[in-house]
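Engineer: The task is simple: from the sequences and hints, build the whole structure.
As a plain string of letters, each chain reads:
2 protein chains.
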Amino acid sequence: MSLHSKISLAIHGGAGTILRSTMTPELQAQYENGLQDALDIGYHILEKGGSSLDAVEASVRSLEDFPLFNAGRGSVFNHEGKHEMDAAIMDGRTNAAGALCSVSGIRNAVSLARAIMERSEHVLLSGRGAEVFAKEQGLQFEDDAYFFTPSRYQQLQEAIAEGRVQLDHTPDDKSEKKFGTVGAVALDAAGNLAAATSTGGMTNKRWGRIGDSPIPGAGTWADNNTCAVSCTGHGEYFIRAVVGHDIHCLMAYKGLSLQEACDILVFDKLQKAGGEGGLIAVDKDGNIAMPFNSEGMYRACRNSEGLNEVLIYKA
Amino acid sequence: MSLHSKISLAIHGGAGTILRSTMTPELQAQYENGLQDALDIGYHILEKGGSSLDAVEASVRSLEDFPLFNAGRGSVFNHEGKHEMDAAIMDGRTNAAGALCSVSGIRNAVSLARAIMERSEHVLLSGRGAEVFAKEQGLQFEDDAYFFTPSRYQQLQEAIAEGRVQLDHTPDDKSEKKFGTVGAVALDAAGNLAAATSTGGMTNKRWGRIGDSPIPGAGTWADNNTCAVSCTGHGEYFIRAVVGHDIHCLMAYKGLSLQEACDILVFDKLQKAGGEGGLIAVDKDGNIAMPFNSEGMYRACRNSEGLNEVLIYKA
Chain A
1 MSLHSKISLA IHGGAGTILR STMTPELQAQ YENGLQDALD IGYHILEKGG
51 SSLDAVEASV RSLEDFPLFN AGRGSVFNHE GKHEMDAAIM DGRTNAAGAL
101 CSVSGIRNAV SLARAIMERS EHVLLSGRGA EVFAKEQGLQ FEDDAYFFTP
151 SRYQQLQEAI AEGRVQLDHT PDDKSEKKFG TVGAVALDAA GNLAAATSTG
201 GMTNKRWGRI GDSPIPGAGT WADNNTCAVS CTGHGEYFIR AVVGHDIHCL
251 MAYKGLSLQE ACDILVFDKL QKAGGEGGLI AVDKDGNIAM PFNSEGMYRA
301 CRNSEGLNEV LIYKA
Chain B
1 MSLHSKISLA IHGGAGTILR STMTPELQAQ YENGLQDALD IGYHILEKGG
51 SSLDAVEASV RSLEDFPLFN AGRGSVFNHE GKHEMDAAIM DGRTNAAGAL
101 CSVSGIRNAV SLARAIMERS EHVLLSGRGA EVFAKEQGLQ FEDDAYFFTP
151 SRYQQLQEAI AEGRVQLDHT PDDKSEKKFG TVGAVALDAA GNLAAATSTG
201 GMTNKRWGRI GDSPIPGAGT WADNNTCAVS CTGHGEYFIR AVVGHDIHCL
251 MAYKGLSLQE ACDILVFDKL QKAGGEGGLI AVDKDGNIAM PFNSEGMYRA
301 CRNSEGLNEV LIYKA
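From first to last, the protein sequence lines are chains A and B.
First residue of the first sequence: 1, per the numbering used here; consecutive thereafter.
First residue of the second sequence: 1, per the numbering used here; consecutive thereafter.
Note that these hints are calculated values from the structure, not bench results.
Hints may contain errors.
Because identical chains share one entry, a pair is satisfied inside a single copy or across any pair of copies.
What the hints assert, rightly or not - No farther apart than 27 Å at their CA atoms in a straight line, the calculated lysine-lysine pairs in the DSS-like style are these:
1) 48 / 284
2) 254 / 48
3) 48 / 272
4) 48 / 6
5) 269 / 48
6) 269 / 135
7) 269 / 82
Structural biologist: Shown next as structure tokens:
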């Protein structure tokens, strides 16, 4: 196996209306520290010659454990006052994928996604059935208190009072939209790409709604021939645009660069359709793209050529 | 709106190990009659100038109501002895889509998919939540007795005894595999494409497994610029290959014909990966493709140039 000279990792903690005017220095520092920690955990795995799968799983676990992001601890409440997680992971070597939707109580949904990929015959498991599988596999569960965050509960009460389903509401301004999702994409020293995405979904969501995060090809995609992608945004538009796979096809069939393909999706196709959000992507040469058409996107990236950035707002 | 000269409709009732040696003349006639009836119901809508969406919904409803196919009445039993339906519908004009997974008791899942597309903000709803939405929308539910078919129940008992998850087992030969799914694709006189797919899933399935049928881009796809696709096969492989959207991209980005693109998916990509099954597709000019890499596929097609075929085995 020939070793690449380059390793690359990018992560996100969601996109949306993230404005300097409503952010305190203290809160911004918390977000930035959370991103830097998650970035470094995955990057150190890559530095030691570890796999991109291990790196994206570790980074996403860190983001899930961090209560300010809408995944794992800190997930939003659905209409019934419960937390329901969706997640996916994908291996660029084989397009193997594991994913889950509407799962409650799981501490790290990304690790369940990986168990589904590696230890079941299936790609996508749902609901109570996925929880049974997770328990058989020894995945860690937590009680409701672990997932409870007062600000998320307040968001649910406000959303119910106003009859709204909301993506990831910020209390300061009712017109704000945030797409709470976390994700990671990586290229390892062996040249293998991987992607992972995890989310707690929409505040006050009903009817067992599933977004793009757990759908291979939509919110999560990895193929060693082209790229690895993790999305965050208004999921319905991302499903219909098959975002991850469309970036792959624009590269594979039209010969576009990663940046060109990502920009077509985010600033042309999604924007024209009304699909707000963004994505992170890395290609087989280690190039990184992190476009978004919303006000901001929590994101960070690091590579073996000295890049090490943590960003929130537009550049 | 300029009228096309051509209307086209194709339907399928699943692919798999369908052998002349295990088929009686009487049973074959029942399958053929079920396919012809479902074909004609949709085709008459197109003949009268109706929409491709109405045509694919009507054809799939007919296939769901027909007990020999694994969708609606005649759905297989899951591990818990219940029926769980998945379905999707997609509108080629806008890529609007509606889909559902793990829904019990719904008589015509394809009509719930359409209600989700047209009367919710969402694309994909699941489980009990989707059932709540369906009841709010007045969709028809049936009790367990409606869905019960003795042969399906026998399949479940055999699968449990042997510890197998199976796709759509035929009792005569344990080595047989059938991928029970129904679907329809259509081009209407206004030049609009639509696709719909519906399934009862896998006998003895566990863990809330979801296949490709309800995933826009995988088992179901429609885009007026290219094609409409409905798949039937080993869903895990179809999800990972993003089959419907890949056919679209091969046509849109590489300029391949419908037949060329479908053949690459079915006989190259899926076959190499071990993904058994097939698909039906129609393009914006009314051309029809119905490739499969399994022994047989229940299928039928009809167009305004006099084509009217009902087929089961390889040609």
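Engineer: Work down the list of hints and note, for each, if the structure agrees.
Structural biologist: How the hints compare with the structure:
Taking CA atoms no more than 27 Å apart as the test, residue 48 paired with residue 284 passes inside one copy only; the shortest distance there is 19 Å, against 52 Å between copies. Taking the shortest alpha-carbon separations for residue 254 and residue 48, neither the intra-copy value of 35 Å nor the inter-copy value of 40 Å comes in at or below 27 Å. Within a single copy, residue 48 and residue 272 get their C-alpha atoms no closer than 42 Å, and across copies no closer than 34 Å, so neither meets the 27 Å cut-off. When the C-alpha separation of residue 48 and residue 6 is checked against a cutoff of 27 Å, the pair qualifies only within one copy, where the shortest distance is 13 Å, while the shortest distance between copies is 61 Å.
Neither within a single protomer nor between protomers do residue 269 and residue 48 lie at most 27 Å apart by alpha-carbon distance, with minima of 39 Å and 34 Å respectively. In the homo-oligomer, the alpha carbons of residue 269 and residue 135 never lie at most 27 Å apart, since the shortest distance is 40 Å inside one protomer and 34 Å across protomers. Proximity of residue 269 and residue 82 under a CA criterion of 27 Å is satisfied in neither setting, with 34 Å inside one chain copy and 41 Å between copies.
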